[in-house]
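A.B. asks: With chain A fixed as given, assemble chain B onto it according to the hints.
Taken in sequence, the protein lines are chains A and B.
With the numbering used here applied, the first sequence closes on residue 307, and no number is skipped along the way.
With the numbering used here applied, the second sequence closes on residue 55, and no number is skipped along the way.
Hints are computed from structural coordinates only; laboratory data are not their basis.
From the three backbone atoms N, C-alpha and C, an ideal C-beta is built for every residue, glycine too.
Incorrect hints may have been included.
Claimed, not checked - Derived list of chain A stretches under chain B, where covered just means 3 residues or more per stretch with a C-beta under 8 Å from a C-beta of chain B:
hint: 1; segment: 21-31
hint: 2; segment: 40-48
hint: 3; segment: 235-241
Unchecked claim - Per label pair, the in silico range of CB-to-CB distance:
hint: 4; chain 1: A; residue 1: 84; chain 2: B; residue 2: 36; range: 30 to 36 Å
hint: 5; chain 1: B; residue 1: 35; chain 2: A; residue 2: 36; range: 19 to 25 Å
hint: 6; chain 1: A; residue 1: 259; chain 2: B; residue 2: 24; range: 33 to 39 Å
hint: 7; chain 1: A; residue 1: 127; chain 2: B; residue 2: 24; range: 35 to 41 Å
hint: 8; chain 1: A; residue 1: 193; chain 2: B; residue 2: 48; range: 54 to 60 Å
hint: 9; chain 1: A; residue 1: 42; chain 2: B; residue 2: 35; range: 18 to 24 Å
hint: 10; chain 1: A; residue 1: 220; chain 2: B; residue 2: 13; range: 42 to 48 Å
hint: 11; chain 1: B; residue 1: 26; chain 2: A; residue 2: 146; range: 30 to 36 Å
hint: 12; chain 1: B; residue 1: 40; chain 2: A; residue 2: 161; range: 44 to 50 Å
hint: 13; chain 1: B; residue 1: 26; chain 2: A; residue 2: 39; range: 22 to 28 Å
hint: 14; chain 1: A; residue 1: 154; chain 2: B; residue 2: 48; range: 46 to 52 Å
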Amino acid sequence: MDPRPPTLAWVSLDEAGRIVHDAPLTVLHRVWRQVDPGDRLRFLTEMLTPAERRAMCLGLDEEDEGSKNIIGNSLPKKDHPMLRCANVYIFDIETAHSADACLYCAGSPECHAGETGKTHDYEPIGWNNPLALGLSIGCAFSYRRMSVEWFDTSALEQIITRWVAEQPLMVGFNSLRFDGPLLQAILRNRDESLYQLCDAFQDLMGRGYDILDAVWSADPVRKFERGLNSLGAISVANGYGEKAMDGAMAPRLWRAGRIAEVLNYCAGDVEKTRRLFEQIVSTGNLLRGDGQPITLPRPAIPQEISG
Amino acid sequence: MNELIPVQCNTESLLTTLHRVWRQVDPGDRLRFLTEMLTPTERRALMRGLDEETA
Chain A
1 MDPRPPTLAW
11 VSLDEAGRIV
21 HDAPLTVLHR
31 VWRQVDPGDR
41 LRFLTEMLTP
51 AERRAMCLGL
61 DEEDEGSKNI
71 IGNSLPKKDH
81 PMLRCANVYI
91 FDIETAHSAD
101 ACLYCAGSPE
111 CHAGETGKTH
121 DYEPIGWNNP
131 LALGLSIGCA
141 FSYRRMSVEW
151 FDTSALEQII
161 TRWVAEQPLM
171 VGFNSLRFDG
181 PLLQAILRNR
191 DESLYQLCDA
201 FQDLMGRGYD
211 ILDAVWSADP
221 VRKFERGLNS
231 LGAISVANGY
241 GEKAMDGAMA
251 PRLWRAGRIA
261 EVLNYCAGDV
271 EKTRRLFEQI
281 VSTGNLLRGD
291 GQPITLPRPA
301 IPQEISG
Chain B
1 MNELIPVQCN
11 TESLLTTLHR
21 VWRQVDPGDR
31 LRFLTEMLTP
41 TERRALMRGL
51 DEETA
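Okay, chain A solo, but in the shape it has when bound:
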């Protein structure tokens, strides 16, 4: 028997006289301010996920420092205690062409429609043709330097040579199947003398930490479920914000000369990947696009530069 006395409450009825239950978010808004502030704080401490707590604290940092969405302020405000000066790079790349660009002329599918006097049929590049996709720009964040650096095709040999020499933990999102192989293919295609470097880079990438690969390995059944495992979906679920744009836009902007937008976009993805990685290092958990947590292996963090 419930000892509390019955009270009056307002309920909403639909046309058929059935009780309409308010959405949980509406209920939350209704009761939040009525709860005692002390109880509310205990509730927050108990119920907020690490990502939610971090997001609230990061928001406070941003308000305090007046920083907004520009490259300089995308760098971490505080270094992560377990990653301080660690030999770890977080990286991401942008392709020069979209996967749906034409293999023969790099034009969009639309510009082939109704074309007269055409010299070729439209054939998409696809995701499995790294040389045709090409590299526009790459961005890598170093925990040792606490800074980002950019690389394009002309700087590729130099940066990969350094990575191979330093033997860091290479961290990315889909880096094992996409970013790493694409960089390697470009380098391998340049000169036979670079084959050894490419093999060493492949070996380094194989020992890296690919967040998407870790998610797929933890739940192979739901690999391709829409809105579940993309960087954007996972970033939003964990409170690190939405991607600045659809990734397919980056090559188009690059070709249009809107370089800064692509650089900012690429740095934004590196930042999201970094935050997710730090959460994995701290907690071993991420929320996926459906808001459900997934447990991932915590990587070993190399502290010393080898050689």
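C.D. replies: Just chain B now, kept in the frame of chain A:
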């Protein structure tokens, strides 16, 4: 058109309601809600807790 009518019922405490609905709210909505509703004092208290955990 829905109408509001008063009914007699056994109510749960506000805190119980909060616990009941919290996890039912979409994580994205929850984050927007927190961003909107948390007072600076609450956010600072959370920040202190986080600092203590990671120290």
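A.B. asks: With reference to the structure, classify each hint as holding or not holding.
C.D. replies: How the hints compare with the structure:
1. 21-31: Three-residue rule met by the segment 21-31 of chain A, so holds; n is 6.
2. 40-48: It holds: at least three residues are needed, and the segment 40-48 of chain A offers 7 whose Cβ sits within less than 8 Å of chain B.
3. 235-241: holds (count 3)
4. 84/A x 36/B: 30 to 36 Å: holds (34 Å)
5. 35/B x 36/A: 19 to 25 Å: holds (22 Å)
6. 259/A x 24/B: 33 to 39 Å: At roughly 45 Å between Cβ atoms, residue 24/B and residue 259/A fall outside 33 to 39 Å, so the hint is violated.
7. 127/A x 24/B: 35 to 41 Å: Check passed, 37 Å falls within 35 to 41 Å.
8. 193/A x 48/B: 54 to 60 Å: holds (56 Å)
9. 42/A x 35/B: 18 to 24 Å: Holds: the Cβ-Cβ distance is about 20 Å, inside 18 to 24 Å.
10. 220/A x 13/B: 42 to 48 Å: Holds, at about 43 Å.
11. 26/B x 146/A: 30 to 36 Å: Given range 30 to 36 Å: holds, Cβ gap about 35 Å.
12. 40/B x 161/A: 44 to 50 Å: holds (49 Å)
13. 26/B x 39/A: 22 to 28 Å: Once the Cβ atoms are compared, 24 Å apart, the range 22 to 28 Å for residue 39/A and residue 26/B holds.
14. 154/A x 48/B: 46 to 52 Å: Hint holds: Cβ distance 48 Å, inside 46 to 52 Å.
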